[in-house]
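Asker: Assemble the whole structure, with the sequences as input and the hints as a guide.
Line by line, the protein sequences give chains A and B.
Be aware that the first sequence starts at 1, since it is given in the numbering used here, and climbs by one per residue.
Be aware that the second sequence starts at 1, since it is given in the numbering used here, and climbs by one per residue.
Because the hints were derived from the structure by calculation, they are not lab data.
A few of these clues could be false.
Identical copies carry no separate label here, and so any pair may be met within one copy or between two of them.
What the hints assert, rightly or not - Within a straight-line C-alpha distance of at most 35 Å, the following computed DSBU-like cross-link-like pairs (lysine-lysine) qualify:
{"id": "1", "residue 1": "18", "residue 2": "110"}
{"id": "2", "residue 1": "36", "residue 2": "76"}
{"id": "3", "residue 1": "35", "residue 2": "132"}
{"id": "4", "residue 1": "76", "residue 2": "185"}
{"id": "5", "residue 1": "64", "residue 2": "35"}
{"id": "6", "residue 1": "90", "residue 2": "35"}
{"id": "7", "residue 1": "132", "residue 2": "31"}
{"id": "8", "residue 1": "188", "residue 2": "110"}
{"id": "9", "residue 1": "166", "residue 2": "36"}
{"id": "10", "residue 1": "18", "residue 2": "76"}
{"id": "11", "residue 1": "150", "residue 2": "103"}
{"id": "12", "residue 1": "36", "residue 2": "112"}
2 protein chains.
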Amino acid sequence: MINDLLIENIDEDGQFSKTQQEEFCAYFQQKTITKKTFLLEQGEVCKWEGFVLDGCFRIFTIDKNGNENTLYFAAKNWWLMDIDSFMNHKPSDLNIQALEDSKVLLISQKDKLTLYESIPIAEKLFRVMFQKSIVAWQRRLVRNHSLTAKERYAHFIGSYPEIASKLTDRQTSSYLGITHEFLSKIKKQLQIQ
Amino acid sequence: MINDLLIENIDEDGQFSKTQQEEFCAYFQQKTITKKTFLLEQGEVCKWEGFVLDGCFRIFTIDKNGNENTLYFAAKNWWLMDIDSFMNHKPSDLNIQALEDSKVLLISQKDKLTLYESIPIAEKLFRVMFQKSIVAWQRRLVRNHSLTAKERYAHFIGSYPEIASKLTDRQTSSYLGITHEFLSKIKKQLQIQ
DNA sequence: TCGTTTAGTTGAACTTGTTCAACTATTTTC
DNA sequence: GAAAATAGTTGAACAAGTTCAACTAAACGA
Numbered sequence: 001m002i003n004d005l006l007i008e009n010i011d012e013d014g015q016f017s018k019t020q021q022e023e024f025c026a027y028f029q030q031k032t033i034t035k036k037t038f039l040l041e042q043g044e045v046c047k048w049e050g051f052v053l054d055g056c057f058r059i060f061t062i063d064k065n066g067n068e069n070t071l072y073f074a075a076k077n078w079w080l081m082d083i084d085s086f087m088n089h090k091p092s093d094l095n096i097q098a099l100e101d102s103k104v105l106l107i108s109q110k111d112k113l114t115l116y117e118s119i120p121i122a123e124k125l126f127r128v129m130f131q132k133s134i135v136a137w138q139r140r141l142v143r144n145h146s147l148t149a150k151e152r153y154a155h156f157i158g159s160y161p162e163i164a165s166k167l168t169d170r171q172t173s174s175y176l177g178i179t180h181e182f183l184s185k186i187k188k189q190l191q192i193q
Numbered sequence: 001m002i003n004d005l006l007i008e009n010i011d012e013d014g015q016f017s018k019t020q021q022e023e024f025c026a027y028f029q030q031k032t033i034t035k036k037t038f039l040l041e042q043g044e045v046c047k048w049e050g051f052v053l054d055g056c057f058r059i060f061t062i063d064k065n066g067n068e069n070t071l072y073f074a075a076k077n078w079w080l081m082d083i084d085s086f087m088n089h090k091p092s093d094l095n096i097q098a099l100e101d102s103k104v105l106l107i108s109q110k111d112k113l114t115l116y117e118s119i120p121i122a123e124k125l126f127r128v129m130f131q132k133s134i135v136a137w138q139r140r141l142v143r144n145h146s147l148t149a150k151e152r153y154a155h156f157i158g159s160y161p162e163i164a165s166k167l168t169d170r171q172t173s174s175y176l177g178i179t180h181e182f183l184s185k186i187k188k189q190l191q192i193q
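Answerer: Structure, rendered in structure tokens:
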């Protein structure tokens with residue numbers, strides 16, 4: 001019952017024993033989500049941490065003006081959750097929606113705590129995962145401050161071509177922090193050149 | 001030899017025993033840094049994680065055009081480091097400079113590893129710390145995408161008045177992602193209203 | 001304390017990105 | 001397969017933020 005993709009993702013360096021791999025995977029439940037379904041809607045408490053086995057999700061907020069703001073996309077081999085809501089048992093500000101038919105592994109709050117106690121190495125592996133995530137957020141901030149929208153778009157499709165190809169322009173623009181009209185103009189400019 | 005500020009910061013819920021508090025603190029070395037001194041310069045490997053006892057630091061990048069981009073400020077009771085450089089022993093992209101005479105506690109890479117092995121609870125406490133940090137980065141991104149520069153400035157001085165009061169406008173503007181000229185104009189507008 | 005550097009201010013011209021509206025193309029749904 | 005909804009395109013007017021240059025104010029170093 002070991003899920004290779006999951007184990008490979010969290011335990012790159014093979015620190016788990018075979019038994020631990022099995023126990024680790026046993027905490028997760030597989031779930032199938034159809035396109036456009038919300039895995040989490042703002043207002044709900046996020047009761048799980050998720051790992052994408054297949055498909056793609058968009059994690060986004062909606063502000064008071066109704067504008068959507070995409071935090072990130074989670075395709076195969078990515079984690080997804082509202083950390084704040086999950087940690088503090090409070091209503092989420094985030095929406096998590098499947099962009100296509102998808103499969104995820106979910107672990108509940110209770111099982112996550114049990115996991116950390118039962119497999120102490122897991123604590124370390126998730127700490128490292130969160131550290132890497134911070135680095136990625138810092139880099140994104142710097143890009144947002146130092147690059148133009150055109151440069152950010154080029155960086156995005158260059159860095160995540162598989163994800164970018166699955167998105168509508170509206171979804172891409174809400175990730176880049178620009179309007180979809182302006183993205184349309186950027187794409188036109190890039191064609192001409 | 002227990003440093004109350006440090007213990008209070010990392011172990012809010014009092015999970016450490018007295019002995020563990022002492023051992024934890026023993027890994028840290030105090031260092032005094034004079035105003036304008038760099039605790040880390042880009043190109044160096046970040047060999048420590050730091051905790052600010054007193055004073056204030058600015059953590060920033062400099063891009064190819066020479067533009068400075070401030071990731072964050074670290075005042076008393078904040079952590080500071082280049083996570084990527086520290087984790088992966090690679091040259092840092094970041095600069096960390098004291099804005100005033102400051103005192104920090106530093107823990108070396110080696111001691112950090114020893115600490116995690118010797119006090120397993122520390123692993124959990126740092127994991128939680130990193131999780132909180134991700135939440136903060138996500139919120140900052142959403143603000144950058146959904147608020148105007150004027151609104152971001154108002155949010156910043158409202159949220160961190162003590163830090164904001166120590167900064168030059170150039171430092172503040174490099175945090176907000178705008179030019180210092182434009183910040184000057186924003187401040188004028190806010191006065192008139 | 002004087003001279004020099006650094007920081008802040010202001011205005012004018014400019015660039016980047018937004019808004020709104022009208023249109024076309026594509027998907028979805030029944 | 002038609003109708004309806006959603007997505008993308010384009011243009012014109014506008015707003016937000018930048019650039020450059022010239023100036024003033026403040027801080028710093030010898």
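Asker: Each hint: holds or not?
Answerer: Each hint, compared with the structure:
{"no.": "1", "hint": "18 - 110", "verdict": "both (23 Å within a copy, 28 Å between copies)"}
{"no.": "2", "hint": "36 - 76", "verdict": "within (17 Å within a copy, 45 Å between copies)"}
{"no.": "3", "hint": "35 - 132", "verdict": "both (29 Å within a copy, 31 Å between copies)"}
{"no.": "4", "hint": "76 - 185", "verdict": "within (30 Å within a copy, 46 Å between copies)"}
{"no.": "5", "hint": "64 - 35", "verdict": "within (26 Å within a copy, 42 Å between copies)"}
{"no.": "6", "hint": "90 - 35", "verdict": "within (26 Å within a copy, 41 Å between copies)"}
{"no.": "7", "hint": "132 - 31", "verdict": "both (26 Å within a copy, 27 Å between copies)"}
{"no.": "8", "hint": "188 - 110", "verdict": "neither (50 Å within a copy, 52 Å between copies)"}
{"no.": "9", "hint": "166 - 36", "verdict": "within (13 Å within a copy, 48 Å between copies)"}
{"no.": "10", "hint": "18 - 76", "verdict": "within (23 Å within a copy, 45 Å between copies)"}
{"no.": "11", "hint": "150 - 103", "verdict": "within (33 Å within a copy, 42 Å between copies)"}
{"no.": "12", "hint": "36 - 112", "verdict": "within (27 Å within a copy, 44 Å between copies)"}
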